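Here the protein sequences line up with chains A and B, keeping their order.
Counting along the first sequence from 1, when you hit position 38 you're at 30 in the working numbering, and nothing is skipped either side.
Counting along the second sequence from 1, when you hit position 323 you're at 391 in the working numbering, and nothing is skipped either side.
Just so you know, the hints here were simulated from the structure itself, not pulled from any lab data.
All figures in this text were calculated on a predicted structure; none of them were measured in a lab.
Misleading hints may appear alongside valid ones.
Listing some non-contacts, in silico: residues in chain B with all C-beta distances to chain A over 12 Å [as the list claims (entries may be wrong)]: (1) TYR119; (2) THR197; (3) ARG216; (4) GLY219; (5) LEU242; (6) LYS256; (7) SER305; (8) ILE401; (9) PHE425; (10) TYR445; (11) TYR450; (12) GLU460; (13) VAL464; (14) ILE484; (15) TYR486; (16) ASN488.
The list that follows gives simulated cross-link-like pairs (lysine to any residue, SDA-like), each with its CA atoms no further than 25 Å apart [unchecked claim]: (17) B:LYS428 <-> B:LYS479; (18) B:LYS200 <-> A:GLU8; (19) B:LYS345 <-> A:ASP51; (20) B:LYS162 <-> B:GLU277; (21) B:LYS200 <-> A:GLY25; (22) B:LYS94 <-> B:MET192; (23) B:LYS319 <-> A:SER47.
We put the beta carbon where it would ideally sit given N, CA and C, even for glycine.
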Amino acid sequence: MRIEDKLYLIGYNIDEESHLGVSDPNECKRCQGRPCTYICPAGVYSYDDEEDKLSINYDACVECGTCRIVCSYITWRYPRGGFGVQYKFG
Amino acid sequence: MRKNDFDVIIVGAGPAGLAAGYVLAKEGINVAIIERGIFPGSKNVMGGIFYRSSLDDLIPDFYKEAPLERHIVEQKIWLLSDDSMFSVGLKSEKYNAEPYNCFSVFRAKFDKWFAKKVLDASAMIINETVVKELILDKEKVVGVRTDRPNGDLYSDVVISAEGVNSFLPKYLGLRREINTNNVALGVKEVIELPDKVINDRFGVSNSSEGVAIEITGPYFKEMRAMGFVYTNRNSLSIGIGAVIEDLVRLKINPNDLLETLKGHPAIKPLISGSETKEYMAHMIPEGGYYSMPKLYYDGFMVVGDAAMLVNSIHREGANLAIESGKFAAKTYIEARKIGDFSQRTLSAYQKKLEESFVLKDLKTYRNLPKLLEEKKYLISKYPKFLIDAMYEIYNVDRVSKSDKIKLILNKAKKEIGYFNIIKDIFSVWRNFK
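Work out the full structure, taking the sequences as your base and the hints as a guide.
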């Protein structure tokens, strides 16, 4: 099963503001390998080659925090209270 | 003078925070637990095996009323190679007798139930609220700043039970940023199957008996990774946890890893015909004893995953969290008697943990994360050798048994080397001294 199909199974209360970002987008241009684009279990990060910038699909985030461990330029914070992922089983 | 809103504020309503809150509320202490989800458990994930004893000590016979899936009667370890599976384990009728050793659980349901018990003990739980930072008076923690309007709350002591993504201990300089070798990423699926099918496939006689399988071996190459399959009542939990450094080094997406595991010839028939109901991910602090932050500060203590209290070898975490929550609460109660919440008094919390199985166990395995970081081949080479040797022993091909033994020993010599085997045994032995 692809990540995209699995994400449909997760409940979210999506905020209109993103809790994820990049502190210096120029670092993404220089970054070798871009681990955020393959390590995220929810496929939040992808690199847009045309626009030459990181694209962040924050509403799929499952708040594991892995991206902030692999990259110090990712600004990660908790979604606002009550927003974000809501597991049925967990 | 500023008045306290609460005696104690706990950040995070997982097992650690709830256990601390329960002990405090039972003593009539005015305690608030701040939870960022819409209810406790809504953001919580674990593999799914919960050990009874630590919570039973707090809420006797809790298992008779808590929402649990199955009690575990059989625990297995599977070593996988690409085409084979070597299994060891124990099934015991002793595990089939009350009060049971451990259970499969769903944290979204279990934590919600635990929180209700804590509410009934008259603690306050404030949901849908994020703690942004600590409020300090000179050097002492005196409260928290939340994301609510006018959301400052004051207390004698703040307990950080924020889980693996904890920010407050770092804010006080109690630890550095977590590194990719100290933490694993776990992904899991809950897949639905009729209970009768599960009973048949896992060889149990009814829908309350469960099986837990841990998976490692050369199938995971030289990754520090563990897979698992646990039986729930009408579903299975299947997942994999891998040290983040290894995922980055090999450029692997954790979902791809899980998908390959689901396709292994030993796993596929177990899950055949099932439907995935939920997918989830969570980090697991696996760095052990040396990765722990300092656990106390003036007016502040750290418990559970935020304190890196996980025994990854025995997949114990929630029970250690509960144990640490209890100790932090008891330390507060003692400190309150003398009216001193400085780190000198709160250091008794660390002492309690050191004297308990929690830090005794983490100390036993203190060198293991480093050993496996340096000698990743230990988790692939030796299980591979064992699988190959077992294959030779069972495979009847008109070669004599004594020739087979020679073949196996030659393989050991060629693939690992006798000298290396002795060196590895020595280094493992030395690390457990």
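Structure-based check of each hint:
1. No Cβ of chain A approaches the Cβ of B:TYR119 within 12 Å, the least distance being about 17 Å, so the stated non-interface status holds.
2. The claim that B:THR197 is not at the interface with chain A is violated, since a C-beta of that chain comes within 12 Å of its own (minimum 4 Å).
3. Not every CB of chain A lies more than 12 Å from the CB of B:ARG216, the least distance being 7 Å, so the non-interface label is violated.
4. With a closest Cβ-Cβ approach of about 9 Å to chain A, B:GLY219 is found to fall inside the 12 Å limit, against its non-interface label.
5. The Cβ of B:LEU242 sits about 18 Å from the closest Cβ of chain A, beyond the 12 Å cut-off, so the non-interface label holds.
6. Taking the minimum C-beta to C-beta distance to chain A, about 9 Å, the non-interface status of B:LYS256 is violated against the 12 Å cut.
7. A beta-carbon of chain A is positioned within 12 Å of the beta-carbon of B:SER305; the least distance is around 8 Å.
8. Consistency note on B:ILE401: stated as away from chain A, and its beta-carbon is indeed over 12 Å from all of that chain's, at 29 Å minimum.
9. Interface exclusion of B:PHE425 from chain A stands, the closest Cβ pair being 26 Å apart, more than 12 Å.
10. With a least CB separation of 23 Å from chain A, B:TYR445 remains clear of the 12 Å interface cut-off, as annotated.
11. For B:TYR450, the non-interface assignment is confirmed: its Cβ lies about 28 Å from the closest Cβ of chain A, beyond the 12 Å cut-off.
12. With 12 Å as the threshold on Cβ separation, the claim that B:GLU460 sits away from chain A holds: the shortest Cβ distance comes to roughly 37 Å.
13. With a least CB separation of 40 Å from chain A, B:VAL464 remains clear of the 12 Å interface cut-off, as annotated.
14. Here B:ILE484 stays apart from chain A, with its beta-carbon at least about 32 Å from theirs, past the 12 Å limit.
15. Residue-level check passed: B:TYR486 sits 39 Å from the nearest beta carbon of chain A, beyond 12 Å.
16. Every C-beta of chain A lies more than 12 Å from that of B:ASN488, the closest at about 32 Å, which supports listing it as non-interface.
17. Simply put, B:LYS428 and B:LYS479 have alpha-carbon atoms about 39 Å apart, too far for the 25 Å limit, and the pair is violated.
18. For the proposed pair B:LYS200 and A:GLU8, the alpha carbon gap of about 19 Å is at most 25 Å, so the pair holds.
19. A threshold of 25 Å between alpha carbons decides the hint, and for B:LYS345 with A:ASP51 the separation of about 20 Å falls inside it, so the pair holds.
20. Distance check on the hinted pair: B:LYS162 and B:GLU277 sit about 12 Å apart at the alpha-carbon level, within 25 Å; holds.
21. Annotation: proposed proximity of B:LYS200 to A:GLY25 is violated, straight-line Cα distance about 32 Å (limit 25 Å).
22. At most 25 Å may separate the alpha-carbon atoms for a hinted pair to count; B:LYS94 and B:MET192 meet this at roughly 12 Å.
23. Restraint check for B:LYS319 and A:SER47: satisfied, since their Cα atoms lie roughly 19 Å apart, inside the 25 Å limit.
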